[in-house]
Amino acid sequence: MTPLLQVTGITRTYGARIGCRDVSFDLYPGEVMGIVGESGSGKSTLLNCLAGHQRPDSGQVVFDTRADGPRDTVAMSEPERRMLGRTDWAFVHQHARDGLRMGVSAGGNIGERLMAVGARHYGDIRGQATDWLGRVEIDTARIDDRPAAFSGGMQQRLQIARNLVTGPRLVFMDEPTGGLDVSVQARLLDLVRGLVRQMGLSALIVTHDLAVVRLLADRLMVMKDGNVVETGLTDQVLDDPQHGYTQLLVSSVLQV
Amino acid sequence: MIVLDRVCKSFTLHNQGGTVIPVMQDASLVVAAGECVALTGVSGAGKSTLMRLIYGNYLAASGRIMVGDVDVARAAPRDILKLRRETLGYVSQFLRVVPRVPTRAVVAEPLLTLGVPEDEAFARAERLLARLNIPERLWSLSPTTFSGGEQQRVNIARGFAHDYPALLLDEPTASLDATNRDTVLNLIEAAKARGAAIVGIFHDTAARDRVCDRQVDVSAFAPRAAA
Chain A
57 MTPLLQVTGI
67 TRTYGARIGC
77 RDVSFDLYPG
87 EVMGIVGESG
97 SGKSTLLNCL
107 AGHQRPDSGQ
117 VVFDTRADGP
127 RDTVAMSEPE
137 RRMLGRTDWA
147 FVHQHARDGL
157 RMGVSAGGNI
167 GERLMAVGAR
177 HYGDIRGQAT
187 DWLGRVEIDT
197 ARIDDRPAAF
207 SGGMQQRLQI
217 ARNLVTGPRL
227 VFMDEPTGGL
237 DVSVQARLLD
247 LVRGLVRQMG
257 LSALIVTHDL
267 AVVRLLADRL
277 MVMKDGNVVE
287 TGLTDQVLDD
297 PQHGYTQLLV
307 SSVLQV
Chain B
136 MIVLDRVCKS
146 FTLHNQGGTV
156 IPVMQDASLV
166 VAAGECVALT
176 GVSGAGKSTL
186 MRLIYGNYLA
196 ASGRIMVGDV
206 DVARAAPRDI
216 LKLRRETLGY
226 VSQFLRVVPR
236 VPTRAVVAEP
246 LLTLGVPEDE
256 AFARAERLLA
266 RLNIPERLWS
276 LSPTTFSGGE
286 QQRVNIARGF
296 AHDYPALLLD
306 EPTASLDATN
316 RDTVLNLIEA
326 AKARGAAIVG
336 IFHDTAARDR
346 VCDRQVDVSA
356 FAPRAAA
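Protein chains in written order, with the working numbering: chain A, 57 to 312; chain B, 136 to 362.
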């Protein structure tokens, strides 16, 4: 099987400071990988470099495109990469406001992604928007309300619906459950897990919440000061961490 | 089916002065298809550690851990994930699930990830739950609020949902009443009869004598130079 994403030697520096250094990994279809580390460890820089939001200083991000097979997205033209960002890729931001259009209705937020890939039939678009609101458990009667009138958890679920409506194959998530109530977090985790299984999605999830990755991710990558210090099966890394920093991270979690 | 060859394991505590704790040395074990082997030894002897090594939850320092044709000690994460989906089941003592997911779905999940159609997977889950005496009114609720014994039975139902060719059982009959204990032992016997290789930890000696073909005392794998 061809990996969906092959990352080799991604490095990004900010002057003398290191964002992330020499990161390499493969991600296969249907796999969910968690990237953990403390604030400033370079996990968001890495995610942004992979998703094409930032240009890495060096390295390759080879994506198995539907049309032309594996292609280096770093070397792609901007329009091509943007097209990928609207079709096969999705990016779920930590703050839903960054990923939504706050002045457009909930239905419009979902419909916009569909129109970007060529949907024009109003009835179809509204039908799909209604379907997706249902899937992310938002009352379909709210379809014409603006996201500004939604709670934080609802905004996050709307962002997920907007991102997944075009049937992407790879989802980047930056702290998807950050800042949400625990009860809302659980609901979101359940939702994401179900979607991963039903749609065969692959996902990269950046978080500092180890409980979230234990439930969502198959594999784990631990970062510190821009370097990857440990990788492996999620439960193995959490239950038998090999690196000193991972041991510190795991033993520092407060128990409820 | 399961072959361990000179497996060693130690823990290095980097944040506590780099203390190295050797816990297992030259563990070797062979479990054939249709055979059930009990791990014995006093508490702390390494029964659970050995089981976690076989499941790939702990990383072996050296040696080979073959389950079918996969060497768990060296395989890539995705090969171990595939092995766990298709071949190697594990009933742990604790139930760890996403909150809010109904019991029926928790039990059916191993089948759904294998691509079994939903109605078939749920039907099988419901049969197992009924057999293990979980009242039907609880099936649509999350097991996180269940009693210890009920959680244990949900865990067992989940472990037996798919017919794994290899099974690891960590105290499957602990905290069960006589009827449910008997049901679990029947499930184990049925798994053996269809050719599953089973490694188990049983503190319940009567249960152990009923389902296990032989016993392996893990104290024999204790590091010899124990300080």
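Treat the hints with caution; some may be incorrect.
Just some of the chain B residues that point at chain A, by a computed CB distance under 8 angstroms [what the hints assert, rightly or not]: (1) Val155; (2) Leu194; (3) Arg235.
Cβ pair distances, simulated, as ranges [stated by the list, open to error]: (4) Gly190/A <-> Thr340/B: 51 to 59 angstroms; (5) Phe146/B <-> Met57/A: 29 to 37 angstroms; (6) Thr186/A <-> His338/B: 52 to 60 angstroms; (7) Gly153/B <-> Met171/A: 57 to 65 angstroms; (8) Pro270/B <-> Glu136/A: 32 to 40 angstroms.
Covered by chain B, per the in silico footprint, the following chain A stretches (three or more residues, Cβ under 8 angstroms) [as the list claims (entries may be wrong)]: (9) 91 to 104; (10) 218 to 229; (11) 238 to 245.
In short, the hints are calculated from the structure, not lab data.
For every residue, glycine included, the Cβ atom is placed at its ideal position computed from N, Cα and C.
Hint-by-hint comparison with the structure:
no.	hint	result
1	Val155	violated (12 angstroms)
2	Leu194	holds (5 angstroms)
3	Arg235	holds (5 angstroms)
4	Gly190/A <-> Thr340/B: 51 to 59 angstroms	holds (54 angstroms)
5	Phe146/B <-> Met57/A: 29 to 37 angstroms	holds (35 angstroms)
6	Thr186/A <-> His338/B: 52 to 60 angstroms	holds (55 angstroms)
7	Gly153/B <-> Met171/A: 57 to 65 angstroms	holds (59 angstroms)
8	Pro270/B <-> Glu136/A: 32 to 40 angstroms	violated (57 angstroms)
9	91 to 104	violated (count 0)
10	218 to 229	violated (count 0)
11	238 to 245	holds (count 3)
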